[in-house]
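Listed below are the residues making up each chain.
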Amino acid sequence: MVFAHGFGCDQNMWRFVAPAFAGEFRTILFDHVGAGGSDLTAYDPDRYATLNGYADDVVELCQALDIRGGVFVGHSVSAMIGVLASRKAPEIFDTLVMVCPSPRYIDDAGYEGGFSAAQVHELLEFLDSNHMGWSQAMAPVIMGNPDRPELGEELTNSFCRTDPDIAKRFARTTFLSDNRADLAGVTARCLVIQCSEDVIAPVAVGAYVHANLRDSELVQIDATGHCPNLSAPVETIAAMRAFL
Amino acid sequence: MNTSPPAPDAAEADDLEDLFENAPCGYLSTLPNGRISRVNRTFSTWTGFDSGQLVGRRFLDLLNIAGKIYYETHFAPLLRLQGSFNEVALDVVRSDGTTLPVLVNAVVRRDEAGAIRLIRVTVFNASDRRRYEQELLEARRTSERAGLALRDLNATLETRIADRARALERAWRLSRDLLAVAGTDGVITRVNTAWTEHLGWQSSDLVGRSFVTFTHPDDLDATQAAFAGIFGAPLTKPYEYRFRHLDGSYRWFAWTAAFEEDEIHASGRPTTAEHEQAALLAEAENALRQSQKMEAVGQLTGGLAHDFNNLLAAISGSLEMMRTRMGQGRFNDLDRYMHAAEGASKRAAALTHRLLAFSRRQTLDPKPTDVNRLVSGMEDLVRRTVGPSIHVETVGASGLWPALIDPPQLENALLNLCINARDAMPDGGRITIETANRWIDERTGWERDLPPGQYLSLCVTDTGTGMPPEVVARAFDPFFTTKPAGQGTGLGLSMIYGFAQQSGGQVRIYSEVGQGTTMCLYLPRHYGEAEPGDTPNAVSSASRPGQDGTVLIVDDEPAIRMLVTDVLEELGCTAIEAGDSAAGLKVLQSNVPIDLLVTDVGLPGGMNGRQMADAARVTRPGLKVLFITGYAENAAVGNGLLEPDMHVLTKPFAMEALAFRIRSLIGN
Chain A
1 MVFAHGFGCD QNMWRFVAPA FAGEFRTILF DHVGAGGSDL TAYDPDRYAT LNGYADDVVE
61 LCQALDIRGG VFVGHSVSAM IGVLASRKAP EIFDTLVMVC PSPRYIDDAG YEGGFSAAQV
121 HELLEFLDSN HMGWSQAMAP VIMGNPDRPE LGEELTNSFC RTDPDIAKRF ARTTFLSDNR
181 ADLAGVTARC LVIQCSEDVI APVAVGAYVH ANLRDSELVQ IDATGHCPNL SAPVETIAAM
241 RAFL
Chain B
1001 MNTSPPAPDA AEADDLEDLF ENAPCGYLST LPNGRISRVN RTFSTWTGFD SGQLVGRRFL
1061 DLLNIAGKIY YETHFAPLLR LQGSFNEVAL DVVRSDGTTL PVLVNAVVRR DEAGAIRLIR
1121 VTVFNASDRR RYEQELLEAR RTSERAGLAL RDLNATLETR IADRARALER AWRLSRDLLA
1181 VAGTDGVITR VNTAWTEHLG WQSSDLVGRS FVTFTHPDDL DATQAAFAGI FGAPLTKPYE
1241 YRFRHLDGSY RWFAWTAAFE EDEIHASGRP TTAEHEQAAL LAEAENALRQ SQKMEAVGQL
1301 TGGLAHDFNN LLAAISGSLE MMRTRMGQGR FNDLDRYMHA AEGASKRAAA LTHRLLAFSR
1361 RQTLDPKPTD VNRLVSGMED LVRRTVGPSI HVETVGASGL WPALIDPPQL ENALLNLCIN
1421 ARDAMPDGGR ITIETANRWI DERTGWERDL PPGQYLSLCV TDTGTGMPPE VVARAFDPFF
1481 TTKPAGQGTG LGLSMIYGFA QQSGGQVRIY SEVGQGTTMC LYLPRHYGEA EPGDTPNAVS
1541 SASRPGQDGT VLIVDDEPAI RMLVTDVLEE LGCTAIEAGD SAAGLKVLQS NVPIDLLVTD
1601 VGLPGGMNGR QMADAARVTR PGLKVLFITG YAENAAVGNG LLEPDMHVLT KPFAMEALAF
1661 RIRSLIGN
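Keeping their order, the protein sequence lines are chains A and B.
Under our numbering, think of the first position of the first sequence as 1, with each following residue one higher.
Under our numbering, think of the first position of the second sequence as 1001, with each following residue one higher.
Looking at chain B on its own, in the form it has when it is part of the complex (with noise of 0.2 Å):
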């Protein structure tokens, strides 16, 4: 400023006026007694006082409670002393209260005798820097505590990887584990004392040899394999294998272990005595079954035993009475007679045939069928057996494949099948027959324990009681069943199982307890045509002699050739009898022309049926064949799959049965 300044203009003090009402900082002028004379308009819009609040008091009055003590203490001395004072940071508090972060500047102006005329204060608004010194002392803070935190990290370092060490030595050496450390080469570094206690040898005898020195030689490849697995990913999942122990003798061990630093580092729990255990509770389970097993067929004899006593009682008393009545020259009673003795047999009949169903050594005719017409065939019986309180529905699939099966052992399986989903409906329900064509790939066939390949499904779900999955385990166990004592035999699904397996398919039970239970059977496609369906009950008792034809019976039992030769003379075809193999490939490898074998399967003579069936074919390519067989060696008849022209007949037989197949042959 000039000492002296020339008398501004009207226009120059508005101009100087507004510059200073107005600048971008406040400004204030206070007496030397610190009371402020004038506040310019900045000022006030920032405090939120008008100039006339604030004339009369005093700066300090502005300030918070830190600000008048530094005023008083710093400010003020420091003001009188320099005469001026630069930049301090303090907080005027505004009329509502907040308070506005500021810098503020302060000189003496003094008149020209040096007294204290006025003191101007300069306050600029530092909102922001306040926030940026905030900002900068909080980074400074946090910086100065990870400082000391990394400080205090060093300081106890070395004091806290000693505790570590020493609780990690404590591990290893206390660990009832076997802990191992071992090169990539399987060569052994390290082993804790455990090793002693469960395998004999000393840390000395193990370390620097290879694992696979001491490693059971059947669980060597699985062994070598799971260790190479570690490098690939750590081993998690235990691994168990046998480890030698000093005296010769194997200990399990179930092992985790990782690649880590260049090494393999492992843990083994010792699990020997969980597999002794194992065992001894898979033979007490064992045992137990066969006790079960025995039981059951001790049951199944003794009722059986009871059953033929009573049809041979029926069968021998019918006889006798008729060689008595036939004695006394009474004819007349003979046909009651002898149809108790036949229906005597045909009960017979059924009880071995069911007997060796369920011992899978029934001899099945396979034909290729179609199921569709087999189901709808069967669906009336089916009505009738479940009752109305069932509602039986069939779903047939439309394209069926014809399957290659024998068709009554199929209506059994159907039969027995609803049967068992009534008995688990016993407060009615549905039951619904399907039948679908199935591909079976490699994975479903894995699953299901079926060959690859095309089979069509015939299932039978019904709406009951379900099964848990450990009764589900063992629905094909023979003997097994749910059902209360004396209403079961436990052979129905062993039955179907045995017939399902011995014609190439499969059945599989899905059932959820409460919902219900599905059963279907897989059966094999059969390429090409079904068969008309033909039924053995049709057999027409009309014989029709005069057929003409030469028949080659052998059989070791007299009273059956005796039998066949009558059914033969009857179809006015000539018999030649053999009593065993040998005999009757005489015949056929002589000139002899003839029109059929019907041949038992069991001979006497170095040959069975079939071989001898096979070895007349050299001669007598297409030679027709019906092996009439108790129980077939299933080998022996192929399993069920016979060669074209090659035919089954079941003993016991009709009569009528046997005439209408040789005719059926002969007529072909």
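The following block holds chain A by itself, in its conformation from the complex (with noise of 0.2 Å):
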């Protein structure tokens, strides 16, 4: 069972819901190119400017690590990730375990994704004139804690480093990606796990996902927000148990 984190964190998104698999499982967590303690050195712009890159390195990754017919857990982006691995290797994954994803953020004809192309405007353009805020003296003064520097080290190592340059892009990558149609392409089943209330993916998405997969489950759990594998672990958990 891999598990891939969404943008703005690292695999520590799955501390909570990754061990209750441990025991069935052969659990590989890791960080995409760019997070976490990924090799930042290996982060190349043309090559991760769409998704194809990161599904690449799944696929990599797994292929190393010579999975077959295994579960890949993706949250967020990662599902979307999840997608195109699966397409690229079809012979990975026989699981897609899909948390709250979005093939696409951006409203489209008779579709609904969540924000309007200005929204999506405004957030690129917030992140290029105020990295100052936001990413870049952000995560030093988030993560540091002048009262307790053991701590701030101990956190900044633990959760959701991002380099802010690549996090800019990453942010790009994502919030610009149309992967609607990959999804009919995909063999493996897949679960489909949606909040009732999620800014980044409505409810709305999980239902257009959901819709467009060949073979697939959607359950909507009582969670606020867009990360129920921190905010709803019990939830989460219990709903892969169940589909698998």
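Certain hints may be false.
Unchecked claim - Simulated restraints, written as ranges between beta carbons of each label pair:
1. Glu197/A x Glu1087/B: 24 to 30 Å
2. Glu1158/B x Asp66/A: 52 to 58 Å
3. Pro45/A x Ala1155/B: 43 to 49 Å
4. Ala109/A x Ala1155/B: 56 to 62 Å
5. Ala109/A x Asp1014/B: 54 to 60 Å
6. Ile1161/B x Pro45/A: 56 to 62 Å
7. Asp66/A x Leu1157/B: 55 to 61 Å
8. Arg1041/B x Ala204/A: 34 to 40 Å
9. Ala109/A x Arg1035/B: 29 to 35 Å
Stated by the list, open to error - Which residues of chain B face chain A? A partial, calculated answer using Cβ under 10 Å:
10. Ile1065
11. Glu1072
12. Ala1076
13. Trp1446
14. Arg1448
15. Pro1468
16. Gln1589
Worth flagging that the hints you see were computed from the coordinates, not collected in a lab.
Note that the Cβ used here is the ideal one computed from N, Cα and C, for glycine as well.
Could you use the hints to bring the two separately framed chains together as a complex?
Structure follows, in structure tokens:
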């Protein structure tokens, strides 16, 4: 069972969920390039300009680990990375667990993605103009705790380290992505976990994903926000077990 | 917080309530699902939402789009993982749509079982801090851009320098002008190939030698001065001099130069062709002017010959008629013929006079003159001459100095100026005749071509057509006229110019096309009183014989000697005649008492009349002298400035005028 984290964090996202499956599965956790403990020098802006680059990483990783017929658990944007990886190498996963997935964030004709083009544009502009407040200056401020430097160090090393410049690019790749057409080609069984109140992936998006996958199940859990793996781990685990 | 806080009493509760509501930061409590359960007054005030509008909403609903996403992807997960989250920079959207920059802290409060009880959110107003951050960011971006630009510059500097150097080398090589670098001593250190083309010299002939070696000797002083000037200021106004060609001839170049980095950098444009053209043009202009003059002289002499022939015909005809009538014994009509002959003679005299004035060889008889009185005496005549359509005004300066001039000539000049003024005003206008005292200093004198000193001016101003500068420049040229052929001789202003110059003064023209013209005569001041104006016409015809005295008359023309002798005898004087200067001097150096010497200026016998008079004055100081002359060698009679008791009478003269002069001289 391979766990892939979404935009904004690293494999720590799974710390309340992954242990629950360690008994039955060989659990694999990794950081995308640019996040957590990954090798930042491996980041290639062209390769990661689309989600395909990340999907290629997943395929390479799983082939290296000789995974076949595995379970892919992807949160947020990684749910779609899993879709792409599954299409590139269908033999690796026979099951996809998609936590709060979104194939396209920007509204389109007949499609409700949750964001207008103007809003996404505003977001990207904000990232470009204000990265000091958002990620560059904030990361150390958030993590750092002047009164308890030992804690700061521990937190910094533990949670959601992202390189500010790469985070900006990742946000761009994520929020401009449109992988709706890829859903139809997925052969694996899919579980779509949808939160009842999620700004980033509204209920309608979950329904869209479910409707466009050949073999899928939709579970809506009573949790607000975009991270049920953190805010509602028990429900998340239960939904996964039930599906598996 | 204590684990078991004592129950606060009512006052303490109020105090805490006040602290919560009015603290200088926003407080929010949210439920585990993120919905706001309580909010303090400070936050309500900042956001413009009242507490009722906020309770039940999620905190992220109050954020802008970026904040919402950040909240979901970073803030919420980390809060879950860490239990707290400090100093997140977010923007809260107020009720009016504006944004409030804030710093947000959040901490998770759990109950005893470990379940999340509430999330406490603390909000600081970060407006100032955000502004500083923006300024800091901007400053950093500026410095990054500058850094990048500098890196780019450094990266490209070498190639740009190389490009520039090639461009300069190309300009140096391809220039058609002479380019040179020289040391401060004028020794040439570098030249371009244009030198070989224009001057034949190779670079090796020039480098190491001073420009002085090649400079035309006549230009050397000026060129060295110009070279020295370059050290003070760049030579931007081209300086021209001649540089020697390999073949020994000289070529003109116009140089500009500057002194930079201890070297003279100079550029010379070849101008020999321009000089040759200018010389050709000047030559052609001179030739044209000369031919124009010759043509004018031809016209004039033709006209004069015609006039003189007429006059001679009248005189000789009259004399012939007189002889015939006398032969017939008819004496009654003689008067008529005499008058006719005299009239023709006077006109002939006036004609020669004008010619002499134009040639500046007229004989002047300057006298201290009150010019104001002369002008007012002329006013009537001027009015009659210019006609009723022109208003004549005279403005005489009070306290006007006397001038030392020949009054009839000044009258003549004034009348001429007024006639010119009239001709410039075919539709009528105004003539102003003005006199003034003038002090001419060095600078003004230089401008007006006058020695510095005191002058009086006589100006005639008209309101006529005016003259363009090119006409003003030639106005005094003899025979130059703007009048239609046959209407002017072109001698009028030339005569005035000659008269003014001969009198030690000057004429100046100020004219603007369409505005009018002012012609000013500058005349030297006479230190002394003006003589009462004597009018030549007022000579009394009543001769008064019996004025004893001895007069020596020296003239090589026997007819003149005869006439003068007759006049003298009429006056009752004793006349002694001499036919040349040697004979005259012999008489003058004898003991014969002589009251007056009447002599021609041009004399045979080794001396002119003036020299003879001067020699006579050695032994006869104070000898009164009257020069009678047809045209005076001006130097001989002192350029019109005669010593005391030396006088001039111009031939031809009326016998009565001669008698009057002799009488007044002996009488004194």
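Structure-based check of all given hints:
1. Glu197/A x Glu1087/B: 24 to 30 Å: 26 Å, holds
2. Glu1158/B x Asp66/A: 52 to 58 Å: 55 Å, holds
3. Pro45/A x Ala1155/B: 43 to 49 Å: Taking Cβ atoms as reference, Pro45/A and Ala1155/B lie about 23 Å apart, which means the hint is violated.
4. Ala109/A x Ala1155/B: 56 to 62 Å: 49 Å, violated
5. Ala109/A x Asp1014/B: 54 to 60 Å: Once the Cβ atoms are compared, 59 Å apart, the range 54 to 60 Å for Asp1014/B and Ala109/A holds.
6. Ile1161/B x Pro45/A: 56 to 62 Å: This hint is violated: roughly 35 Å between Cβ atoms.
7. Asp66/A x Leu1157/B: 55 to 61 Å: Given about 56 Å between the Cβ atoms, the range holds.
8. Arg1041/B x Ala204/A: 34 to 40 Å: 38 Å Cβ-Cβ, so the 34 to 40 Å window holds.
9. Ala109/A x Arg1035/B: 29 to 35 Å: 34 Å, holds
10. Ile1065: The hint holds - Ile1065/B has a Cβ within 10 Å of chain A, the shortest such distance being about 5 Å.
11. Glu1072: 4 Å, holds
12. Ala1076: Cβ of Ala1076/B sits 5 Å from chain A, so the hint holds.
13. Trp1446: At about 74 Å, which exceeds the 10 Å cut-off, the nearest Cβ of chain A leaves the hint on Trp1446/B violated.
14. Arg1448: 77 Å, violated
15. Pro1468: Interface hint status for Pro1468/B: violated (71 Å vs cutoff 10 Å).
16. Gln1589: 122 Å, violated
Hint check: violations occur at hints 3, 4, 6, 13, 14, 15, 16; the rest are consistent with the structure.
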